[in-house]
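Chemist: Okay, here's what each chain looks like letter by letter:
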Amino acid sequence: MFDVFFAILRRDLLLAMRRRTDVFTTLFFFVIVVSLFPLGIGPELNTLRLIAPGVFWVAALLASMLALEKLFLVDYQDGALEQMLLAPQPLSLLVLGKVAAHWLITGLPLVLLSPLLGLQYDLPGETIEVLLLTLLLGTPALSLIGSIGAALTLGLRGGGVLVSLLVLPLYIPVLIFGAGAVEAQASGLGGGGHLFMLGAMGLAALVVAPLATSAALRVSAE
Amino acid sequence: MFDVFFAILRRDLLLAMRRRTDVFTTLFFFVIVVSLFPLGIGPELNTLRLIAPGVFWVAALLASMLALEKLFLVDYQDGALEQMLLAPQPLSLLVLGKVAAHWLITGLPLVLLSPLLGLQYDLPGETIEVLLLTLLLGTPALSLIGSIGAALTLGLRGGGVLVSLLVLPLYIPVLIFGAGAVEAQASGLGGGGHLFMLGAMGLAALVVAPLATSAALRVSAE
Amino acid sequence: MDSVKAFFHMGGYALYVWGSFGVTALLMVAEPVALARQRKAMIRRLRRLIRLESEYSS
Amino acid sequence: MLEVVNLQCTRGDRRLFSGVAFQLEPGELLHLHGHNGSGKTTLMRALCGLVTPTQGEIRWKGAPIRRQREEYHAELLYLGHKNGIKDDLTGVENLRAACRLAGTPISEKEAWAVLEKLGLRGHEDLPSRVLSQGQQKRVALARLLVSRAPLWLLDEPFVGLDAAAVELLQSVVRDHVEEGGLVVLTTHQEVALTSGRVKRLRLGWKKDGHV
Amino acid sequence: MLEVVNLQCTRGDRRLFSGVAFQLEPGELLHLHGHNGSGKTTLMRALCGLVTPTQGEIRWKGAPIRRQREEYHAELLYLGHKNGIKDDLTGVENLRAACRLAGTPISEKEAWAVLEKLGLRGHEDLPSRVLSQGQQKRVALARLLVSRAPLWLLDEPFVGLDAAAVELLQSVVRDHVEEGGLVVLTTHQEVALTSGRVKRLRLGWKKDGHV
Amino acid sequence: MSSRILNWFKFASPATFYPLAGTIGRAAAAVAVVLLAVGLYMSFFVAPTDYKQGEGYRIIFVHVPAAWMSMFIYVVMAFWAATGLVFRTRLSFMMARALAPTGALMTFIALWTGAFWGKPMWGAWWVWDARLTSELILFFLYVGYIALQGAIPDVRRGDRAGAILLLVGVVNIPIIYFSVKWWNTLHQGASVSITKGSSMAAVMLETMLIMTFAFWAYAIAVAMARVRLIILERERDTRWVSELPEVAG
Ligand code: HEM
Ligand SMILES: Nc1ncnc2c1ncn2[C@@H]1O[C@H](COP(=O)(O)OP(=O)(O)OP(=O)(O)O)[C@@H](O)[C@H]1O
Ligand SMILES: Nc1ncnc2c1ncn2[C@@H]1O[C@H](COP(=O)(O)OP(=O)(O)OP(=O)(O)O)[C@@H](O)[C@H]1O
Ligand SMILES: [Mg+2]
Ligand SMILES: [Mg+2]
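Chains as they are written, first to last, in this note's numbering: chain A, 1 to 222; chain B, 1 to 222; chain C, 1 to 58; chain D, 1 to 211; chain E, 1 to 211; chain F, 1 to 249.
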């Protein structure tokens, strides 16, 4: 049953290994956005500390979204998607496999790097911990939700920007709770409630997104 | 002499007309990024006014960067780039045509919309004027500089990161002077010097970028 | 006369009230007008298609 | 086994074909032909279930394919215009990934052997990106040699192949039909397909030989 | 006119061919053949100047092509595996854009006429994306009918075309050669090319008929 | 039961729905004109001046109906999307498509009038209040839907892709609303929340309701006109279209 999940996971990880740039570009994008802000805004640490959670989360969101574009595109262009649609197993499992690989390649490295960047903004230890935790909980949800948009815009010209238009409104709750948890923590309120909501949204996405994405893929590949 | 410039400009604008969504989607990407920050950071108008120039400029930079990714990619994939390389006119003129069309499609609308978004951040009138001016001067420079990166990334499968590393340092001055001019104006210092630098960088990019891009294209298409 | 002036003055809120109502009215007139024009264009196109069809088959 | 009843497909506002009906039994091959743009690819994709026909039905073993998607896909092998080869994987990896996805994994050794049979010796471990047009097509076709699916749908499989590879592919198809498989095939080249039972179906509105 | 001296091309660490030499004069056609992966496409791209050979030289009217890129390109028409058709433009727009780029603009009426000649009537104003494989190829080939370039480099131009279109293309090539043009052509299909002067060049290391 | 479904499918056929849409549209247009006239009269001449906000509050009579319609239309679109996906009726998709521009328009009016209200009341054109923010996001959802439809040339694909997007979006709307609200109330303080203090006079309420019904009728009229256009566009090859009096005559 889960064969196809692992088959696709393995293939995509292999592809990423072959072409390590994909991993690095998302990561690099994240680093750039986070580091550009001090340049655009000015070097004052108080302001920076204030806006840090927002900046981190917006950067993570943009990085994840940027990477989404290629989620199904290459498979679509070279015909591998057709073969995936013809696999004798539920398409949503396959989608789940692809999303999982995608998160491992683009989401996880970014999460792991964020503590280091947190130091740039002079964030205290506990805040960084919460930041790490929210990103760990939130980025899979982003990948899942994003896959719907990626599937819907597949093969459309300007798809990359269109996908952001479709997906960003859906991302907003994740952003709010993600950044909210860090802020709540930073201001001493404790981010538990926010974290709980974040987890709940992740679970909901896990249920809904693969189904919606497979439906969208079938439509788009016609 | 300029035939090929207009030929390619016309073709690309026609393509964009066919897909009017391209124009709107870059625009909305910009709008969404600018509107995301308050969601991540919190609704307080004082903080927002403080970070506004940085946010606008980072958003413009990201929008321009995102859109540039496809500047040559589609032509490369469907073989039109080979035909462009085989055109009996200087390649750099052709590149200039493509960049010009690209800026008209993705850069200009964004510039024109920025005043409206300035209201969201509760910016005063003069600040908005300077913001508009810097974006008008800066975004063509971004498009020109970015075209080099776009051309290089076409072929260098292994070196995508290296390329963004090379291009980013060139983006940063534009960002700093662009955001700096707005900030200087907002704090009552007057942004004249910054604006001058921005214009000078634009001119330099106009001279250097088409040549560098054509050289990069020849290498990438091999 | 005064009352007309007062009416348009809206107790100092003229810009805001008329700005709101004006734009709303503008949009809600523009949409039906645009639709009517699209409909005309569509019918013209359909007639042309039918004419072409009859030429083609004859 | 495969039964097509009164099929109609529309793309955009153009009706490509209607009233298409045929039946294909084990050991039979259907050669689909017709001019460019007559709808061969569209029919093929409809047979896979990738395109929803506007009318009519496709049945496999008596039941509509919509109702038994997974079972049907397990018995089906489709190779289209685009060959589904990942640029960055080698031939061996491509073949193994495709087989794993189709639910019939093969070992690395088998994969090497199959690719060698297809004349890719010395190219098995190059990323497919650097392979020539015809070599990429060969990698895609390698799946035929290891497939256990009874129904093959091949859309212009001979395109880009040199004479020797065409020969080989023909013999593979012939063997499959003789062993009781079903094949639907489109091609513009006139190739002696099999000695077995060959049906022909013509799509399109242009007379043969007219541009 | 076109002179190739002792050409060698290397891809990756594989030497594809070396010592290739030929000369092509007006009114001559060169038929390039060889098994899949023998380097035909690579040679073609080298002839355009898209690939730099590791050894040897290509001369046009006596001078190396590197030295006269723009002049050479003005006299050259290359159609490769990828046909350079923009998905979102219609056939007419594609053709006109390509001609404008090549420095020989044509009017809209001409474009319609040419496409009709190629059997695309009723499809001229569809975005090329929805055209079938063969129809897209036809749009690309339409450039041949309006080109004034003496040198044509055609990489597998017959792929995906139906019999009628192959016929038409052959006659177009024949006319071009008879009028004093030069053609370099690759194809796997055995086609009667011209009655005129046909040279043949074989690349590759495999014996004919071996996979 | 089955005959009922059959009946439904009969109206779901574009050919039968086309004239019906014309009738409904004309009736709705008439109602809209009358209600708008009455509503505008009441807005300006009947409703009394608010003791706190002066004349400025009259914006409420377009603002609130537009805001309500903007949300309602999205839900209706999602409903049509769902029926389209479940019953495979072409007409449902057309309805969803026909409503979208009007929904976006209503959202825009709500945002615009809200901003023009906010400036005198709060001193800023825009604040990041929960309601405002979620209305803005709703606008993005509309634009996304319209952009998606615009980007997909194939109508059947566009229909179904759009429907999936609408359904996902409608699930998200309450989530968005509550998340924004929570985010906002946690640490806001400074910003002003909408004054509900002045208990709305009965006249005001009546006027607002009349305007709401007027907007409702307007939306129906416009959507019907647009769906007729879409039907003509898609069915242009059929006989019944070429035999329509307005086309043939
Ligand atoms: C751009 C700014 C604004 C936006 C986007 C906006 C949006 C909305 C929305 C979506 C609703 C419907 C909410 C519901 O029924 O639950 C609404 C209702 C309302 N708005 Fe606004 N609004 C804005 C500015 C204002 C301002 C400045 C005021 C007054 C000071 C105001 C007063 C009201 C009132 C009184 C209602 C009716 C409340 C109710 O029925 O519960 N709005 N607005
Ligand atoms: N959206 C559309 N609008 C109009 N026509 C379309 C649309 N999509 C496809 N078509 C038409 O449908 C046909 C596609 O046919 P298909 O690709 O099945 O042809 P084919 O028989 O495989 O041709 P080939 O031999 O060239 O591969 C073409 O004639 C194309 O113009
Ligand atoms: N980077 C590389 N490393 C190793 N080999 C390479 C590399 N790039 C290309 N090749 C080899 O060069 C050859 C490419 O040849 P080319 O595409 O010119 O073939 P062709 O004669 O056109 O074949 P076909 O008939 O299939 O189109 C292939 O054998 C390929 O494996
Ligand atoms: Mg085909
Ligand atoms: Mg080749």
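One should not assume that every hint holds.
The list that follows gives simulated cross-link-like pairs (lysine to any residue, SDA-like), each with its CA atoms no further than 25 Å apart [as the list claims (entries may be wrong)]:
#, chain 1, residue 1, chain 2, residue 2
1, D, K82, D, R197
2, F, K119, C, K40
3, C, K40, F, Q149
4, F, K181, A, S187
5, F, K181, C, F8
6, F, K119, B, E126
7, D, K82, A, D78
These are calculated hints, taken from the structure and not from any lab test.
Remember, predicted model here, so these are calculated numbers, not experimental data.
Chemist: Are the hints correct? Go through all of them and say.
Modeler: Hint check results:
With a C-alpha separation of about 28 Å, the suggested pair K82/D and R197/D falls outside the 25 Å cut-off, and the hint is violated. At most 25 Å may separate the alpha-carbon atoms for a hinted pair to count; K119/F and K40/C exceed this at roughly 41 Å. Distance restraint check for K40/C and Q149/F: the Cα-Cα separation of roughly 23 Å lies within the 25 Å cut-off, and the hinted pair is therefore satisfied. At roughly 19 Å between alpha-carbon atoms, K181/F and S187/A fall within 25 Å of each other, so this suggested pair holds.
The hinted pair formed by K181/F and F8/C fails the criterion: a straight-line CA distance of about 37 Å is larger than 25 Å. The hinted pair formed by K119/F and E126/B meets the criterion: a straight-line CA distance of about 18 Å does not exceed 25 Å. Proximity of K82/D to D78/A is assessed by CA-CA distance (about 6 Å); at most 25 Å being required, the pair is judged to hold.
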